[in-house]
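Asks: Here is how the chains run, residue by residue.
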Amino acid sequence: MAGMSPSERRLQKELMSLVKEPPPGVTVHADLVEKNLLQWIINMEGASGTLYEGESFQLQFKFSNKYPFDSPEVTFVGSNIPVHPHVYSNGHICLSILTDDWSPALSVQAVCLSIVSMLSSCKEKKRPPDNAFYVKTCSKNPKKTKWWYHDDSV
Amino acid sequence: MSSSTSTPSSSKKLNEPNGSSGSGSGATDGEEKKEDRTFECNICLDTARDAVVSMCGHLFCWPCLHQWLETRPSRQVCPVCKAAISKDKVVPLYGRGSTKQEDPREKVPPRPAGQRTEPENGSAFPGFGFGDTGFHMSFGIGAFPFGFFTSTFNFGDPRPSPAPRGTPQHMEEQFLSKVFLWLAVLFIAWLLLA
Ligand SMILES: [Zn+2]
Ligand SMILES: [Zn+2]
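Chains A and B, in that order, give the protein sequences. Its first residue numbered 1, the first sequence is counted upward by one per residue in full-length UniProt numbering. Its first residue numbered 1, the second sequence is counted upward by one per residue in full-length UniProt numbering.
You may find that some hints are simply not true.
Stated by the list, open to error - On the chain B side, residues computed to face chain A include the following (Cβ under 8 Å): (1) Ile43; (2) Thr47; (3) Trp68; (4) Gln76; (5) Pro79.
Said to hold, decoys possible - Straight line, CA to CA, 30 Å or less: simulated DSS-like cross-link-like pairs of lysine-lysine: (6) Lys146(A) x Lys66(A); (7) Lys178(B) x Lys82(B); (8) Lys125(A) x Lys136(A); (9) Lys20(A) x Lys89(B); (10) Lys140(A) x Lys126(A); (11) Lys82(B) x Lys146(A); (12) Lys140(A) x Lys13(A); (13) Lys87(B) x Lys140(A); (14) Lys87(B) x Lys123(A); (15) Lys62(A) x Lys13(A); (16) Lys87(B) x Lys66(A); (17) Lys13(A) x Lys82(B); (18) Lys13(A) x Lys136(A); (19) Lys126(A) x Lys66(A); (20) Lys82(B) x Lys66(A); (21) Lys178(B) x Lys13(A); (22) Lys82(B) x Lys144(A); (23) Lys66(A) x Lys89(B); (24) Lys146(A) x Lys178(B); (25) Lys82(B) x Lys62(A).
What the hints assert, rightly or not - Label pairs and their in silico Cβ distance ranges: (26) Ser56(A) x Lys178(B): 44 to 50 Å; (27) Pro23(A) x Trp182(B): 29 to 35 Å; (28) Ser17(A) x Leu193(B): 49 to 55 Å; (29) Met171(B) x Thr137(A): 25 to 31 Å; (30) Leu186(B) x Ser120(A): 42 to 48 Å; (31) Pro23(A) x Val91(B): 53 to 59 Å; (32) Val53(B) x Lys123(A): 38 to 44 Å; (33) Thr47(B) x Ser56(A): 35 to 41 Å.
Bear in mind the hints are in silico, worked out from the structure with no lab data behind them. Glycine residues also receive a C-beta, built at the ideal position from the N, C-alpha and C atoms.
When you get a sec, could you build the whole thing from the sequences and use the hints?
Replies: This is the structure in C-alpha cells:
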C-alpha cells in the first residue's frame, strides 16, 4: 500500500472489505476498481419482497482526492434507473447523506445499504414531481445541486 | 499488541473461503485486522495514530478528526454519532508504547479562528449549515436551488438537528446559526458588490 494517497488507502481498505463481506444484493466490479480506485461501479439487485424485486441497477461512485472528508458523487447509471420518488431519470439521487449529512465515518458500504433501504421502503414507483424540470436544468454533478430534502420517511 | 488470550467476540466464520484472490495485497492478515479493529480510526480506518477520543467515545487520529472539523467549521459533529464535538472536548490517548507524552492536539495547530473560506476548486462551499432554524440554505457558485418544487411542500419543516431542543448545546447552535446566517448575507452582499 505504499505510495498511495490517504484517500486511495482508505478506498483500498473499503474495496477489500466490500469484496469480502458484501451486503446482500450488492456486488462490486473489483477488477475495474483496482484499475482506478477513484471510480467504482456497483451492481445492486432489487431486494426480494419489494417493488424492485427482480430488477438490477448500476451505481457509479466517483471520489475526489479529499475523500472521505468530501462525499462521493453517487448516481445510478446504465439502462435501468430505478423509478423512485427520490431518483431522477438521469440517475441523480436525492439522499441527504450524499451531501449535507455526509460523514467521513460513512463508507461505500453504508451508502449502498442506505440506497437499498431507500428503494425497499418505496410504496409507489414514481419519479420525483419535478423530474422533467430538474433533468433539463441540473448540473452533471449531483453534488452541485442544492437539494431540499424530501420527506425522509419515503 | 495482540495478546494471546483476548480475542473479543470473534464471531468470524472459521472456514472462510481462503483465496479471495484478486485483491492482491494481504488477504491473510484479515485475522489480525479483526482484532485491531477496535482501535481503528473511524475516518482513515487505520490504527489510530495520535489518537484522541471524543466525549461520545469515538476514536480518531487527531489529524483525521482535525481535518474533519476544518471541513465543516460551522457544524462540528462526531462523524460516527453526530454528537456535538470540538477541539476542546476531545481527550488525547497515551498508550504505553507512545514515548512522547505531548498532546497530539498541539501537533496540528488549529488554524486561526474566524471564518476562513478556503479557495477550494472554485466549486461548492462546504455547506453553511443553519442548524435548526427551519431555514436551510447552502450554496455553491454555479449551483442553484432546482429542487424547490418539491421542497415547497415541507419548507417549514426543520430537519432533524443533532442537538435536542432546550439544551445549552441547542442554544449554542441557534446562536451559531444566526451568526452564520449573517455571514452568508454579508458574503452575498460582497459577491454582488465585488
Ligand atoms: Zn485516522
Ligand atoms: Zn460519537
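Asks: Take the hints in turn and mark each one as holding or not.
Replies: Each hint tested on the structure:
The closest approach between the C-beta of Ile43(B) and any C-beta of chain A is roughly 5 Å, which is under the 8 Å cut-off, so the hint is satisfied. Given hint, Thr47(B) at the interface with chain A, is violated; its Cβ is 12 Å from that chain's nearest Cβ, farther than 8 Å. Given hint, Trp68(B) at the interface with chain A, holds; its Cβ is 6 Å from that chain's nearest Cβ, closer than 8 Å. The beta carbon of Gln76(B) comes no nearer than 12 Å to any beta carbon in chain A, farther than 8 Å, and the hint placing it at the interface is violated.
Annotation: Pro79(B) was flagged as interfacial toward chain A, and the flag holds, the nearest CB pair being 4 Å apart, inside 8 Å. A threshold of 30 Å between alpha carbons decides the hint, and for Lys146(A) with Lys66(A) the separation of about 20 Å falls inside it, so the pair holds. Taking the CA atoms of Lys178(B) and Lys82(B), the gap is about 21 Å. The hint holds against a cut of 30 Å. Restraint check for Lys125(A) and Lys136(A): the C-alpha separation of about 21 Å stays at or below 30 Å, so the hint holds.
Among the hinted pairs, Lys20(A) with Lys89(B) is inconsistent with the structure: their alpha-carbon atoms are about 36 Å apart, more than 30 Å. Among the hinted pairs, Lys140(A) with Lys126(A) is consistent with the structure: their alpha-carbon atoms are about 22 Å apart, no more than 30 Å. Taken as a hint, the Lys82(B) and Lys146(A) pair is honoured in the structure, with Cα atoms around 22 Å apart against an allowance of 30 Å. Between Lys140(A) and Lys13(A) the CA atoms are separated by roughly 29 Å; this keeps the pair inside 30 Å, and the hint holds.
Between the alpha carbons of Lys87(B) and Lys140(A) the distance comes to roughly 37 Å, so the proposed pair goes past 30 Å and is violated. Restraint check for Lys87(B) and Lys123(A): not satisfied, since their Cα atoms lie roughly 44 Å apart, outside the 30 Å limit. For the suggested pair Lys62(A) and Lys13(A), the alpha carbons sit about 16 Å apart, so the restraint of at most 30 Å is met. Taken as a hint, the Lys87(B) and Lys66(A) pair is honoured in the structure, with Cα atoms around 21 Å apart against an allowance of 30 Å.
A C-alpha spacing of about 24 Å is found between Lys13(A) and Lys82(B), which places the hinted pair at or below 30 Å, so the restraint holds. Our distance criterion of 30 Å between C-alpha atoms is broken by Lys13(A) and Lys136(A), whose separation comes to about 38 Å. With a C-alpha separation of about 35 Å, the suggested pair Lys126(A) and Lys66(A) falls outside the 30 Å cut-off, and the hint is violated. The hinted pair formed by Lys82(B) and Lys66(A) meets the criterion: a straight-line CA distance of about 20 Å does not exceed 30 Å.
With a C-alpha separation of about 40 Å, the suggested pairing of Lys178(B) with Lys13(A) is violated against the 30 Å cut-off. At most 30 Å may separate the alpha-carbon atoms for a hinted pair to count; Lys82(B) and Lys144(A) meet this at roughly 24 Å. Taken as a hint, the Lys66(A) and Lys89(B) pair is honoured in the structure, with Cα atoms around 25 Å apart against an allowance of 30 Å. For the given pair, Lys146(A) sits about 20 Å from Lys178(B) by alpha-carbon distance, which is consistent with the 30 Å threshold.
Straight-line distance between C-alpha atoms of Lys82(B) and Lys62(A) comes to about 24 Å, which keeps the hinted pair within the 30 Å bound. Take Ser56(A) and Lys178(B): their Cβ atoms lie about 48 Å apart, and the range 44 to 50 Å holds. In this structure the hint that Pro23(A) and Trp182(B) lie 29 to 35 Å apart at CB is violated, the actual value being about 44 Å. One distance hint, 49 to 55 Å for the beta-carbon pair Ser17(A) and Leu193(B), holds here, with the actual separation near 50 Å.
Between Met171(B) and Thr137(A) the CB atoms are about 39 Å apart, so this pair departs from the stated range of 25 to 31 Å. Judged by the Cβ atoms, the range 42 to 48 Å given for Leu186(B) and Ser120(A) holds: they are separated by roughly 44 Å. Look at Pro23(A) against Val91(B): about 34 Å separates their beta carbons, and that is not inside 53 to 59 Å. The hinted window of 38 to 44 Å between Val53(B) and Lys123(A) holds, with their beta carbons roughly 42 Å apart.
The hinted range of 35 to 41 Å is satisfied by Thr47(B) and Ser56(A), whose Cβ atoms lie roughly 37 Å apart.
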